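K.L.:
Now for the letters of each chain:
2 protein chains.
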Amino acid sequence: MKNSKLQAFIPLFYLVWSDDLLTQKEFTTLKEFIASRNWLSEEDKQLLLSKIDINTPPSREDLKEWKTVIERSIDDKIAIKSIFDVVVALSDKDMNIEALEPDFIKLENDLGILGEEAISNFKTKTGSFTATSQTDSHFDIQKITTLLDGDQAPIIQKVKSIISRPEFAYETGTDIDFYREKVLVWCKILAHENLGNMAYPKQYGGGENIADYFAIMETLSYHDLSLVIKFGVQFGLWGMSVQSLGTEKHYAKYLKDIGSLKIPGCFAMTETHHGSNVKGLETTATYNHENQTFTIHTPHEKAQKEYIGNAAVHGEMATVFAKLIIDGHDYGVNAFIVPLRDTKGNTLDGITIGDCGHKMGLNGVDNGTISFDQVVIPKENMLDRFASVNDKGEFESPIPSDNRRFFTMLGTLVGGRIGIPRSALAAAKSGLTIAIRYSDQRKQFGPEGGSEVPILNYRMHQRRLLPSLAKTYAVHFALQYLTKRFLNRTEEEMQEIEALAAGMKSYSTWSTRDILQECREACGGKGYLSENRIDALKNDTEIYTTFEGDNTVLMQLVAKNRLSEFRKAFGEMGSFGIINYVYENAKSAIAEKNPIATRKTDEEHLLDSQFHLQAFIHREKTILASAARRIKKLIDGGLEAYDAFNVVQHQMIEVAEAYLERVVLEQFQLAIQTIEDVKVKEILTKLNQLYALSQIEKNKAWYLEDGYMEAVKTKAVRKMVNQLCWDIRPDAVALVNAFAIPESCLAAPIAV
Amino acid sequence: MKNSKLQAFIPLFYLVWSDDLLTQKEFTTLKEFIASRNWLSEEDKQLLLSKIDINTPPSREDLKEWKTVIERSIDDKIAIKSIFDVVVALSDKDMNIEALEPDFIKLENDLGILGEEAISNFKTKTGSFTATSQTDSHFDIQKITTLLDGDQAPIIQKVKSIISRPEFAYETGTDIDFYREKVLVWCKILAHENLGNMAYPKQYGGGENIADYFAIMETLSYHDLSLVIKFGVQFGLWGMSVQSLGTEKHYAKYLKDIGSLKIPGCFAMTETHHGSNVKGLETTATYNHENQTFTIHTPHEKAQKEYIGNAAVHGEMATVFAKLIIDGHDYGVNAFIVPLRDTKGNTLDGITIGDCGHKMGLNGVDNGTISFDQVVIPKENMLDRFASVNDKGEFESPIPSDNRRFFTMLGTLVGGRIGIPRSALAAAKSGLTIAIRYSDQRKQFGPEGGSEVPILNYRMHQRRLLPSLAKTYAVHFALQYLTKRFLNRTEEEMQEIEALAAGMKSYSTWSTRDILQECREACGGKGYLSENRIDALKNDTEIYTTFEGDNTVLMQLVAKNRLSEFRKAFGEMGSFGIINYVYENAKSAIAEKNPIATRKTDEEHLLDSQFHLQAFIHREKTILASAARRIKKLIDGGLEAYDAFNVVQHQMIEVAEAYLERVVLEQFQLAIQTIEDVKVKEILTKLNQLYALSQIEKNKAWYLEDGYMEAVKTKAVRKMVNQLCWDIRPDAVALVNAFAIPESCLAAPIAV
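Chains as they are written, first to last, in full-length UniProt numbering: chain A, 1 to 752; chain B, 1 to 752.
Keep in mind that the hints were calculated from the coordinates and are not lab data.
These figures come from a predicted structure and were not determined experimentally.
Accuracy of the hints is not assured; some may be wrong.
Unchecked claim - Below 25 Å or equal to it, Euclidean Cα-Cα: the simulated DSS-like pairs (lysine-lysine) are:
id	chain 1	residue 1	chain 2	residue 2
1	B	K25	A	K392
2	A	K484	B	K568
3	B	K560	A	K633
4	B	K719	A	K633
5	A	K158	A	K202
6	A	K715	B	K698
7	A	K715	B	K621
8	A	K568	B	K45
9	B	K158	A	K568
10	B	K568	A	K31
11	B	K633	A	K719
12	B	K443	A	K279
13	B	K568	A	K45
14	B	K202	A	K633
15	B	K302	A	K443
16	B	K715	A	K698
17	B	K279	A	K443
18	B	K64	A	K719
19	B	K81	A	K560
20	B	K600	A	K279
Next up, chain A with everything else stripped away, as it sits in the complex (with noise of 0.2 Å):
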């Protein structure tokens, strides 16, 4: 094709030739142009048709020749941008080709080709900038798992060093029978090493340590998560339930016995009619006044214990909730110590116990069914701190609500709602490791011409992963300080503390969830294979959202905290005069105090640790005052308190929920006020911005609806939390290493 006017079609034929996109009709669209170009001859036309037919196509050599002709009538020529610069290129100088352009660009519009992105194909690389990101640490790793771990590096040293035995090599057989052997034989180990006493008193043998006992839930969840659950259900719940609801003479006779693993036990709270409403339990426990006895009873099948760890094969007790009857009168439910195998693991006269079999995870825990007929236990066996029957056979209680009674002794269980997300957090920051570390590693596509790149490159994948481990750490620091508030609590706090330990325990597992979700679907088919263990970490914390207490409920619960405690902060004026005030106050504040806040997109503001926690907080007040009023304006209404709150209930999730996320925000923002190094604290805030710019993302149909911002600025923060996404992806690597979770608990190949 010597002719000027031919060389032109080059880069179209090559391109209909080679491109995977075009199709039969480009073809058409093609031989269309070419026939009814008035300035080529018959011959010219024929020439060139012949190039484009199917049934005839160029051979292999034809390609490579015109793309090497491509190649060098384009070669280092910056301002060669669309196909018809390179087709003015190849055509003789003297030919007035430029007369044409309307007519190339139309066919190239036709033919659906984006001029530069074809053309960008051809010319000598100058570098791909995706390619070029890698990782890179810039602080010092053990600077922040020193600031992670605080004052119980010693005791998670311990831990780690105990799990990263050899004995303590995973369990990867299917059989369950073993895995539930195997999970009880780690507990007896860690048992001997005192830690599942770390909790009760010094006098019973205990380690009298609450936060290292937290600390060791934790990092026990790097390992096996049958292990961390048999270990809460055995020291937390069994144990606890003993040492919270009893007195002295149960603590003396049980403790140290619970604390050695020498009798293992079970805590039989849920009944299959009732999980969530567990006022609803219809267990009985009848006073005999002949023997001064209990008899411990099941109505009906329904009301069997469900669900209770240690059941199936290992509890030889059992702390069981019943309703208290004396005298045909019902008490309330309370708690009893009930024997359910002899020491040989004989089940006792009138226990029946039922396996709950195979379930999506925690396979090596025994999860069982508890059902009752008249078993009797000797009144000593009444976990009486807080109600008990006195010698004349009369109830008596400090306190007279049996409500009241019911929910105060629930309170004192709430360090289960400390420990589950805190090992719900662990989980999610194996998941992270493993995910991160091989999309370090693994390499798909790449530029035109250059070699594949690590998919932590890519931005979807680091959408995927990066705002996740921003919310790890944020989560981190929240949980810290739940359990500080938790070790010093004061009886005026309680009910704070309790919605907190509610609230961030429902925050914290559907965190996990999420997280575990992103990181299996983002190493791919090698995120499915048992080995690299996201399986386990995904199914074992799937039920975390659900016991200890469905998050939805507690979230509930949360809201109505909130809400109390705002009717109380404003007792000074009516109540529904206030409510409006505040609401109608927030919504105008904004544009009052500074009329282009809203609207505000510089760099300096939009990373403000300011401007996060005020959008946070007003948010938290704003949904909070309008959930209150709505509440008021139904039941003033007509409507029943119980149907009004049906009917907000998908908003009291978001006063839960924002409420949730200020704590977060702002425990994180106030740990790196406390940070010294400045590449840590460099690296920590990046962090904190993209938390507090991902969720203002996730929000932003509420601050777009509440006029907090505007369109310009939600699109900011987009941006922006794309910027922190490849700022921070050279350290990401480091970041999760920081963790500093044994090897041999992540044991994942693909993240070695």
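With chain A's structure known, arrange chain B on it following the hints.
P.N.:
Here is chain B on its own, set in the frame of chain A:
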């Protein structure tokens, strides 16, 4: 307490002692209040204070008496709405207590009591409306089943009757080897029933009915999902690769035996180092001129075939994708039939098989790795429909570009991207049937003093499940549409259909992932027990978002196709100009055409299908134009195309998503137009409205940013979503029953 001043305090005392939410702080508040009332005598004060001494609480009898007093005073008095009203009712008429109203209101607020809420618990119940909602189907279930099944009803019925046989009872053991064998046996039964060869030509013993083949895949998915994947690997991937990539000689030699499962086989494309980027496969097929054979070879460990279904145990042959090398020249990826095992199951020389081992799910499928060490196969084993080696040992192909040829080959395999989303759809239907039936029976909590209420009556629970139900119906009709488009495809439409299939594969499998997550949580602890099958449904489908193309990668392809179509559609003008034009036009069009539409919130408008479709189309077009403009700008600004597409990856996902949502809504609407039965049309119209509005709600941030809707409207949409959930709830059980899933397949005890 006959003193009327003291009587007035009864309601407060009762609340303080009985309410589980009041604490120490409230006691203090109340004490201070009493102590500072100057209208109380010192004696009165002492008496009152004695009633709130934490050390001498009232007896249970006191509490009960107080309650009776309160109830008597307010019984049937509608006018009583606050605690203070009770105070008034309890005090002497002649006492001027009303003047004390501000005092008591302040106290209520300080205590955080919402009077109306507290009072409503004492009133005679008028009947909670939350409690009264119940299952009550308003249409003929069979008519919906008939509509869903369509022309495929006979084959669906046949498959259902086969998988309901006793020999298809689920495998509940955890032994992988046993499970794999059982799944093979099941597949053999299906082959024997002529279901495996349904899509093959009649000439080779097949049913030549691709529509029925897809219906089989979907219906089998009500049963074990390992079964459907093993079935798909054998008859779909392995058989169809021979049919699509091979020629007559291959059909004659293999198809019958593949269809009868006499030759179990594999589809060996993915390698450890190349999954999404299959163009980069490294396995080689080197042509040997001397004896007209190919040598198949794995150059290094990471080039082994991985995740290959049927490989670990059963496969005797495989379609292997490898780069064809002739005389040192690389001719791109082609497909070859390679024997792996003899009929006794012994691995052949040069073949090394690995086992992928335990997976998160699908453990009835024997996924494995395959390595080739200089394995020689005859020339005739090349699947030579698109490329071949002629007698002279020269490469021949009607498609000169290696790239284009490879994608043409892949295009013929698009059927897999129809089977998988339809299988995912069936899994979502199973999960929803289990979760909705359970939620209709499971009761928890209830109005004060009333019975417990089905959890499906709670708004959050409805929000969890009913939009998912609507989406599942929507996806059903969209997948019917995709299937019809595929069956009636012309060469012209192939690219569009390939993109649609890739997109619907992502849309359906992500939808199933989300739905099964909600189902698991909605069923609480029961959802975690393997016996209720959400475990298997969830874990088996987990990999659906990865295999047959990673969803995120596929969505990028869909978006690129949309961009290309967009450019073609506006061929008449210069591309940048037109993009700007469309973009700006779209933005102003709404306001110009209908200035009040952005704030329109009447019910008729919100439920109008035209409004829904226009909103979806507007979003689709605007996002597409915006992405096109942004990419153009980035490339013009000097970025390589590869980098530019990385920068906008997040936006590309939205381009694809908006397109798919529009298609799904449109097809659901079209399907409803064909319905004649009034009641069926009515309920499906409601479901369609719920799908449309819940998607708009999900995307409301976008609509607000774009200005297409204002806050007043997006808030009205949220309210309407709640209302539709409430309205659909009584029909929910009937709507899942209309899926007509065999009870033996559902199997979950909680779904009976």
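K.L.:
Where does the structure disagree with the numbered hints, that is, which hint numbers, in rising order?
P.N.:
1, 2, 3, 9, 14, 18, 20
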